[in-house]
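Each chain, letter by letter, is given below.
Protein chains: 2
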Amino acid sequence: MIEQRIRRCVLAAIVCAPWYVVTLAHAQSDPLPSWNEGQTKASIVEFVAKVTKQGSPDFVPPAERIAVFDNDGTLWAEQPMYFQLSFALDRVQTLAPQHPEWKEKEPFASLLQNDVQRALASGERAMVEIVMATHAGMTTEEFEQIVKDWFATAKHPKTRRPYTEMAYQPMLELLAYLRANGFKTFILSAGGIEFMRPCTEEVYGVPPEQVIGSSIRTKFELRDGKPVLVRLPELNFIDDKAGKPVGINSHIGRRPIAASGNSDGDFQMLEWTTSGSGPRLGMIVHHDDGEREFAYDRKSPFGKLDHCLDEAPQRGWTVVSMKHDWKTIFPWQRP
Amino acid sequence: MIEQRIRRCVLAAIVCAPWYVVTLAHAQSDPLPSWNEGQTKASIVEFVAKVTKQGSPDFVPPAERIAVFDNDGTLWAEQPMYFQLSFALDRVQTLAPQHPEWKEKEPFASLLQNDVQRALASGERAMVEIVMATHAGMTTEEFEQIVKDWFATAKHPKTRRPYTEMAYQPMLELLAYLRANGFKTFILSAGGIEFMRPCTEEVYGVPPEQVIGSSIRTKFELRDGKPVLVRLPELNFIDDKAGKPVGINSHIGRRPIAASGNSDGDFQMLEWTTSGSGPRLGMIVHHDDGEREFAYDRKSPFGKLDHCLDEAPQRGWTVVSMKHDWKTIFPWQRP
Numbered sequence: 004m005i006e007q008r009i010r011r012c013v014l015a016a017i018v019c020a021p022w023y024v025v026t027l028a029h030a031q032s033d034p035l036p037s038w039n040e041g042q043t044k045a046s047i048v049e050f051v052a053k054v055t056k057q058g059s060p061d062f063v064p065p066a067e068r069i070a071v072f073d074n075d076g077t078l079w080a081e082q083p084m085y086f087q088l089s090f091a092l093d094r095v096q097t098l099a100p101q102h103p104e105w106k107e108k109e110p111f112a113s114l115l116q117n118d119v120q121r122a123l124a125s126g127e128r129a130m131v132e133i134v135m136a137t138h139a140g141m142t143t144e145e146f147e148q149i150v151k152d153w154f155a156t157a158k159h160p161k162t163r164r165p166y167t168e169m170a171y172q173p174m175l176e177l178l179a180y181l182r183a184n185g186f187k188t189f190i191l192s193a194g195g196i197e198f199m200r201p202c203t204e205e206v207y208g209v210p211p212e213q214v215i216g217s218s219i220r221t222k223f224e225l226r227d228g229k230p231v232l233v234r235l236p237e238l239n240f241i242d243d244k245a246g247k248p249v250g251i252n253s254h255i256g257r258r259p260i261a262a263s264g265n266s267d268g269d270f271q272m273l274e275w276t277t278s279g280s281g282p283r284l285g286m287i288v289h290h291d292d293g294e295r296e297f298a299y300d301r302k303s304p305f306g307k308l309d310h311c312l313d314e315a316p317q318r319g320w321t322v323v324s325m326k327h328d329w330k331t332i333f334p335w336q337r338p
Numbered sequence: 004m005i006e007q008r009i010r011r012c013v014l015a016a017i018v019c020a021p022w023y024v025v026t027l028a029h030a031q032s033d034p035l036p037s038w039n040e041g042q043t044k045a046s047i048v049e050f051v052a053k054v055t056k057q058g059s060p061d062f063v064p065p066a067e068r069i070a071v072f073d074n075d076g077t078l079w080a081e082q083p084m085y086f087q088l089s090f091a092l093d094r095v096q097t098l099a100p101q102h103p104e105w106k107e108k109e110p111f112a113s114l115l116q117n118d119v120q121r122a123l124a125s126g127e128r129a130m131v132e133i134v135m136a137t138h139a140g141m142t143t144e145e146f147e148q149i150v151k152d153w154f155a156t157a158k159h160p161k162t163r164r165p166y167t168e169m170a171y172q173p174m175l176e177l178l179a180y181l182r183a184n185g186f187k188t189f190i191l192s193a194g195g196i197e198f199m200r201p202c203t204e205e206v207y208g209v210p211p212e213q214v215i216g217s218s219i220r221t222k223f224e225l226r227d228g229k230p231v232l233v234r235l236p237e238l239n240f241i242d243d244k245a246g247k248p249v250g251i252n253s254h255i256g257r258r259p260i261a262a263s264g265n266s267d268g269d270f271q272m273l274e275w276t277t278s279g280s281g282p283r284l285g286m287i288v289h290h291d292d293g294e295r296e297f298a299y300d301r302k303s304p305f306g307k308l309d310h311c312l313d314e315a316p317q318r319g320w321t322v323v324s325m326k327h328d329w330k331t332i333f334p335w336q337r338p
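Chain order of the listed sequences is A and V.
Residue numbers 4 to 338, in this note's numbering, belong to the letters of the first sequence in order.
Residue numbers 4 to 338, in this note's numbering, belong to the letters of the second sequence in order.
Do not take every clue at face value.
Where chains are identical, the list cannot tell them apart; a pair therefore holds if satisfied intra-copy or between any two copies.
As the list claims (entries may be wrong) - DSS-like, lysine-lysine: derived pairs with alpha carbons at most 25 Å apart: (1) Lys326 to Lys106; (2) Lys244 to Lys302; (3) Lys161 to Lys229; (4) Lys53 to Lys326; (5) Lys326 to Lys44; (6) Lys244 to Lys229; (7) Lys307 to Lys222; (8) Lys330 to Lys106; (9) Lys330 to Lys44; (10) Lys106 to Lys229.
Note that these hints are calculated values from the structure, not bench results.
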């Protein structure tokens, strides 16, 4: 009886994992059902057909079919603020009782008065201070648990859905479609690598070893005779802008043939990917649907898209209009 | 006619790739034919049977079947010196005409007089200077080509074989055996990540994204409008000793269930791997066969094995005797 119940729960968990739903949907004739017919969808399908066609001059062996995806704003939402920032702000509230000094110390004092804008006024310095105070000082396993607990309970302020349900259905389909065609899919985000990994397998079907992100230093040590990795309050690597090709080289060791981003932070990733020889797919997700999601680009504090948008036509990058190219935005909006 | 010749060459290249030979051998009943029957071989087979048995309490899902392998001295030879050091010394000779100042500057002056021992007398400082002079200052693509060219022509001083033929046949079989059982195999070496990657796929069947190693910094820039990654003369990461669990966490993001090493530099990798819960395989390759390979352990300047050997019994790590456990050492010695 109990066994049956466990089996049912496991089955439900598997069936409800967004990427699994996509894999099932895949059995249908159209592998990209949430993409409207048109030039954008055609350019994706043509690219995949080209690189997988045995004997064609554009054929790419499976081992070299590497596709990289930015995360925030490309695979899931990033408004009204990056999810990791929401996590950090929640952590400040949770940790405040252990830090009486925060009441008089910026940026924490403003945060504790719920004035996020004033807290972040000093820009990068405030961000780094908040990240170090909330992301360091514990072991990697402790941090993983903290992140998992947060994802299990926190809700997106606009949709009131768990953050893990804020992934874009068309992008989940694209990930599954590429994998079904022999691609290895990687996430390449400016977000924290250890903030993403606890949920990328469930949400996107991307295992932790295929997640690349910004990181702080860790240190190996023994605690009560047991080996642990302790997270130190020191930056290790920023996986953004010119750091993205560096991250690709360090983690993957070969140039991707497809890259998808949505902001100027993805420019060099797109440039690096599409300047290799042979067929390449460069894609930019344009947030132009204020009704079903959020509309923003050149002036947004999160996911600013300006230079990339100007450069896209001459570089042959496909600009995806969320409004016109996507039939559905989120998995739970499917008809 | 020409087409036929090309086809024949391609076929020969594929068939001669060491890991491919192993994959073919795999079709036979014994997946580890170069391992003598006995306790060592049994412990490997039992471990694999345990973690792959559906429904068993020791079952490990395929996604978590991560196996890491040290490279020098574990997967291929490391005597009379690390292959990468041979490479660096050859590069010093090649580059010397462009560096007249080296004639009077240590460690280069001694190297140019073929006195390696004197050159390396100052220890780590000399090594770092040699590495920076030979491994930095070019783009990643240029370096890859330099490494490929070297592997295509350089010969091991004792066997006169290409270095890529100095991989251990039993370990090639083990890699293939684990992969056939759903494992993902990673290389985790103190050697340079970009020195290994150009040949790990051919020699071991391990793609570049599953190779972790020490690295120098790289910088993204444009050269004649083309994006490149330039290798800088600055250390980025040392993937040795306590650095190995850090490298595992950074690149893989979960704890392996199997680890193989051969020196004290692998201690923390073994400790980290085998202190997780559930079945674990920790393995140490002991170089005790002076006749067929090299005999060394506690006092060797390359691949010193001392503390690890003492700790193995109480930690349940399997010590592989090359002399007694291996029927064949190198692929070209097979009967």
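Within, between, both or neither: lysine 244, lysine 229 at alpha-carbon 25 Å: between (38 Å within a copy, 16 Å between copies)
field: Up to 25 Å CA-CA - lysine 44 versus lysine 326, copy category
entry: Answer is within; shortest intra-copy Cα gap is 14 Å, inter-copy 60 Å.
query: Between copies, within a copy, both or neither: which fits lysine 326 and lysine 106 at Cα up to 25 Å?
result: So lysine 326 and lysine 106 fail the 25 Å test inside a copy (44 Å) and across (67 Å) alike.
- request: Using 25 Å as the alpha carbon limit, work out where lysine 330 and lysine 44 are close: within a copy, between copies, both or neither.
  value: Classified as within; 11 Å inside a copy, 56 Å across copies.
Within, between, both or neither, where lysine 53 and lysine 326 count as close if Cα-Cα is 25 Å or less: neither (27 Å within a copy, 51 Å between copies)
- prompt: Is it within a copy, between copies, both, or neither that the alpha carbon of lysine 330 lies no farther than 25 Å from that of lysine 106?
  reply: neither (47 Å within a copy, 69 Å between copies)
Alpha-carbon proximity between lysine 161 and lysine 229, which holds within one copy, between copies, both or neither at 25 Å: neither (43 Å within a copy, 42 Å between copies)
message: When Cα atoms must be at most 25 Å apart, do lysine 244 and lysine 302 count as within-copy, between-copy, both, or neither?
response: within (17 Å within a copy, 47 Å between copies)
message: Within a copy, between copies, both or neither: which one fits lysine 106 and lysine 229 at a CA-CA cutoff of 25 Å?
response: Classified as neither: same-chain Cα gap 36 Å, cross-chain 50 Å, threshold 25 Å.
task: Tell me, please, which holds for lysine 307 and lysine 222 at an alpha-carbon limit of 25 Å: within, between, both or neither?
output: between (34 Å within a copy, 24 Å between copies)
Going through the hint list in order, the structure does not satisfy hints 1, 3, 4, 8, 10.
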